[in-house]
Amino acid sequence: METASERNEGKPVKILVFACRWCGGIGAERAGWKRADLPASFRVIPVECAALVEPDAVFRALAAGIDGVAVLGCHVGGCRYDEANHAALKRMELLKVLLDTAGIGGERLCLAFGTAHEDHQFAAVMGDFHRLLQGMPPLAPWTGGGDEDSPRSVGT
Amino acid sequence: MAKTVVLLCNCFGEIGGVLPLEEIAGKLRESGDGLSAHVLPSLCMDRDAERMGTLLRDEGADSVVAGGCPSPARRETLRRALEIAGIDPARCAHVDLREGCAWIHRNDAAGAARKAADLLAMGLASLGERGTSPDVWTEVRPECLVVGAGPAGLAAASALARRGVTTHLVERSAQAGGMMNLLSRVYPGNEDGKSRIAPGVRELEENPRIVFHPRSRVLSVKGFAGDFKVLVQTADGPLHLRAGAVIVATGAGVFLPAKMYRYGELKQVITLMELERRWTRGIGEAKRFVFIQCVGARCPERPYCSTICCPSSLKNAVRVMEEIPGGEATVLHRDIMTPGAVLEKYYRKAMETGVRFVRFREDAPPEVTGSETVEEVRVRDAAGGKVWALPADAVVLATPLVPGMDNRSLKDLLGIELDGHGFFAETYPLHPLETRMDGIFIAGSARWPVSSEQAAAQGEGAAVKALGILVQGRVSALSLGRVPGRKLGHGRVEEGSCTGCGNCVAVCPFLACSLQDTGNGRLVSRVNKMRCKACGNCVSVCPNGTMQIPEHNYRMVGAMIRKAFSE
Amino acid sequence: MKEIKDMSRDLLERREVDGVLGLRQGAYDIVEPHVFRDPGETSLLVTEPKWPMAKTAMKVLRDAPEGFRLAVVARGCDERALTELAKRNQVRDRNLRIIGVACTEARAKECLCDRPYPREIHGGRQEPGADPFEDPRVRALLEGDSRERMNRWASLLRRCIKCYGCRNACPICVCVPCKLEDEIWVEKGSVPAEMLVFHLIRAFHLSDTCVACGACQEACPVFIPLLSLQLAMRRTLKEEYGYEPGMERDRRSPVLKNAFEEPGTRKSVPAWVSPLEENHD
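Residue numbers (the working numbering), protein chains in the order written: chain A, 73 to 228; chain B, 3 to 569; chain C, 98 to 378.
Worth flagging that the hints you see were computed from the coordinates, not collected in a lab.
Misleading hints may appear alongside valid ones.
Examples of chain A residues toward chain B, derived with CB under 8 Å [what the hints assert, rightly or not]:
id	residue
1	W105
2	A133
3	Y153
Far from chain A by the CB rule (all over 12 Å, computed), these chain C residues [unchecked claim]:
id	residue
4	E138
5	V143
6	K147
7	R331
Which stretches of chain A does chain B cover? Using the computed rule of at least three CB atoms under 8 Å from a CB of chain B, they are [unchecked claim]:
id	stretch
8	117 to 130
9	134 to 148
10	155 to 169
11	200 to 207
Built from N, CA and C at the ideal position, the CB exists for glycine as well.
Taking the hints into account, I'd like the entire structure generated from these sequences.
Here is the structure:
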């Protein structure tokens, strides 16, 4: 397991995490209790349920220069809102397909449905995702909407 | 004028030891948004409530960002502080700087500091865009409806009535007691089913708070937790009721093993239920009884154990040995399921009285032979493979409980679901006895095959859950979440932008959305605030952002994303 | 197409419908969509060029009086689009009839269409569709490593002048207001459109309702092959759920439904297990 400083020598990455209030968030909290050593590359937006993560927010995050988005929810069958996470999981998996089509890479969307009381899972997921994103090319051609040659700000 | 105060918790060094809190506070003050920021040693001690409250009031704060640990205690203390300062709790953003930052990035001080600053910026941004869902209240009807007067229903009605709740008990048949009326003896004692249930039935008759409706059926249920509007078809005509909660205790049916082990063909092949009847009416000349367990249970069509058939067979086997002179009982089984101390003792008693046990494998079931009557039962012993030929006068088949015939129609009436086996689904494992509909609870064999004691216990449990709603004079939609305390909010449809596509209706697990005709042919979605649990599926499938939850709307998320990484 | 003209005329003569929506070839050979009311008019009815008839039908029905019986000269893709619109309550299909026109195999190859015919064919012959994944243009676009793909799409989408033609032509894009016109998502006054936000948002919103009519890329003035963004998602839906948008009037997208009603091949729950039992593996 590499140390924090070793990690930081690699390319910096930016990760946005949507953690559901239950399994996702509690898993993250428990990683804290265990004093897990994690890269400081992620920021968490708590959501009630993974179902509340709008797909467009994922695009918005990638467009803002964030390298990867993680969505943490509960096991299929263990969602506090009954079957709410079924549709969420299906939706997110279809989103991965689109990201793959566009060459952005479905891997930039990390789905972990089930990181409940398993704090080591949260640590493993974040660590693995961080390493994965370090190895991926930057999204630069996609973010920012264009290059210097194309016309911009038409008629403001 | 908007004044936001940022409170940073040192957490007695747990946070301050990693994050440069004073520096962060200083940067916030200098950011030019009129923020004030304070580093406090703690936010959760009792005295902190008074101290923080005064501080906030003196600074004229109307919103707060609290950076510290995510512990509930802190929130309670904060809540009190906000009360003192007269600040709406919705105007307080909580930022996790401990479990989510200081404790996991101890080896990266610079990274942790950057992250903390970003998290606080996100918290501030969220305050700017956070909306509030309006609440609706409903007067809670103080009565309860219990469907089914078996042991579960009687226990529920009794528990409710003793606490002063008028309970309408609707029963399909002419008498209360359910399946207990058919039992000649209830294990592990000696009394028959009717006697066991007699105290419950007496209470039914004596307690004026229990209104018993025999020979009645529920025809329709509309409304929501706190105010269900029910139509019951009683023996005296239709009856309209309003109830704050509904308990479904409709029990189960018994599987009839058609064509199995020559049931229906040979007269002496009977079910356990039929044996109960015979004990009452006359056991006849039979002396040698062979019991076959798991008939139609623990198989692909019904892959569950029905809980009560083993104890029931043991009870009857012991009775054969004790009450029939020269009686012999053999139990052919795949496993004997007798959990708990009482049943385990009973199992031993059975062995002591001379009941024989032979275990067979699922793929080698026993064979019943005989032409006019039962002659023998042949079984291959699972241990060793020897084939026993057991002469028998009667073969008793232990069959499982199966979902009641009315389950399908009842589930549609109530809007609740059935599980994969056809029993009513509860929101296991987090909310026992509850269903997907608030205010509708299930107990007894309607939920899962159980013994009469377990059914009674569940009935009481469901009654206590129902009381949770009934004791409140009025209940608000925001209190009916899947969490203790306030629900996040409700879905909200932006007037004028709904296209009526129905995605939200299709996706909601609680059937909270519906399409309403606005009059000119245009359909618009409407959210039933009582049912909505703020899971957010509707928001994520809405094509043009019409549906939002104000407390977590897309402007807020967009603002947080923009502030997530400051460089 | 003679059969279509004849059928339209007959329907109007027999008063089985109040109007037939099709293309009329008028003065100077200008072709435009038209609601034929008079049977005699149908002599001017043509079935070329390809027109996004579903969206026009939706607008006609919206403005038509209650109970107006409309027949629409529709290709396979038009019928699929109308089905999707009907599911989403944008079209009242009770009084809607389809006069079906089948496309040729050659046309199917051009449109990358795997089902170039409606349910009932009244004009033309059913010919085999084309597998879009076999088309060399599509293969060039979608195969290869993801970095190359990303660069290819980036250079294509950079041509976008944000004319909204794709959105306007698409029969499924009917939201008013449209998210793509909301400043929070799409910045006003800058071109090209921010690729990730504009095009991917639109593509994902259509993920389970795109009927692969190709109107988007036919409308694009700078020839961005927009349909190819949808193909992989359509294939996923087909393989996992056996779902093709526009083919089943009474089936909503499986992505909206939970895993018991619409299990999918990868997330199926065995039929005999209680829904909430299998959450501990």
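Beyond 12 Å from chain A, beta-carbon-wise, is K147 (chain C)?
Non-interface label stands for K147 (chain C): nearest chain A Cβ at 25 Å, farther than 12 Å.
Against chain A, does E138 (chain C) keep a CB gap of more than 12 Å to every residue?
holds, 44 Å
So is the stretch 134 to 148 of chain A in contact with chain B by the C-beta rule, three or more residues under 8 Å, or is the coverage claim wrong?
Coverage by chain B holds here, the residue count being 3 at a Cβ distance below 8 Å.
Under 8 Å is the threshold here; is the Cβ of W105 (chain A) close enough to any Cβ of chain B for the hint to stand?
holds, 7 Å
Under 8 Å between beta-carbons, do enough residues of the stretch 200 to 207 of chain A, three at least, approach chain B for the coverage claim to hold?
violated (count 0)
Verify this for me: three or more residues of the stretch 155 to 169 of chain A with a beta carbon less than 8 Å from a beta carbon of chain B.
holds (count 5)
Is V143 (chain C) truly not at the interface, in the sense that its beta carbon sits beyond 12 Å from all beta carbons of chain A?
holds, 36 Å
Would you settle whether the hint for A133 (chain A) is holds or violated, based on the nearest Cβ-Cβ distance to chain B being less than 8 Å?
holds, 5 Å
Examine the stretch 117 to 130 of chain A for residues whose CB is less than 8 Å from any CB of chain B, and state whether their number is three or more.
holds (count 11)
Say whether it holds or is violated: R331 (chain C) keeps its Cβ farther than 12 Å from all Cβ of chain A.
violated, 10 Å
Using the nearest Cβ pair, does Y153 (chain A) come within less than 8 Å of chain B?
holds, 4 Å
The structure shown violates the earlier hints numbered 7, 11.
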